[in-house]
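Let the hints inform the model, and build the full structure from the sequences given.
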Amino acid sequence: MKNLYAILIILCSLCSCKDETERLYENMEGTWKLSRMEYQDSTGVLKVIEDSKTMLIFSFNNDLMITSTGQQIIGNDTIDFGYRVSPDDANFLFKLPDIKKMPIDAIGRVQVYDFHKINKKKVEFSISQEYDYITGGLYQNVLYQFTKVK
71 MKNLYAILII LCSLCSCKDE TERLYENMEG TWKLSRMEYQ DSTGVLKVIE DSKTMLIFSF
131 NNDLMITSTG QQIIGNDTID FGYRVSPDDA NFLFKLPDIK KMPIDAIGRV QVYDFHKINK
191 KKVEFSISQE YDYITGGLYQ NVLYQFTKVK
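With the numbering used here as the guide, the letters of the sequence shown map in order to residues 71 to 220.
Fair warning: there could be bad hints in the mix.
[As the list claims (entries may be wrong)] 30 Å max Cα-Cα, derived DSSO-like pairs, lysine-lysine:
| id | residue 1 | residue 2 |
| --- | --- | --- |
| 1 | K218 | K190 |
| 2 | K187 | K123 |
| 3 | K170 | K123 |
| 4 | K103 | K218 |
| 5 | K190 | K165 |
| 6 | K218 | K187 |
| 7 | K191 | K103 |
| 8 | K191 | K220 |
| 9 | K165 | K103 |
Simulated from the structure, these hints should not be mistaken for laboratory data.
Because the structure is a prediction, the values reported are computed rather than measured.
This is how it looks when you write it as structure tokens:
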């Protein structure tokens, strides 16, 4: 009988826990402001942008593997984009309509970004290199930090 109670307690605790995927993307829905972007330019100099007006708006489907839609606000322009979340390796796949016109502080020139959730109000997206179609620059170690605003 003792074993039965122990098994029931274990099963109840397993059923009540959120899976790792749900915890990783919990609180991502909403509006996020680009608080910092950094990258190394083609000469290796670290460049930092902290005064960006770029925003991301995420709305998730229940099934994170289904492509969802969002908006990226860059200055006065609103760009609809699609994204797909991969819970297996913690990355986002962005699908922007015209990457060749995106300014440097717009995320999505490269499609797949590594994702790291710092806390409920801060996330990072990163990529080892990214090409800026406007300037022709190749940037290394690109990092986007977003802070949740609502």
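Quick one: which hint numbers does this structure break? Sort them smallest to largest. Result: no hint breaks.
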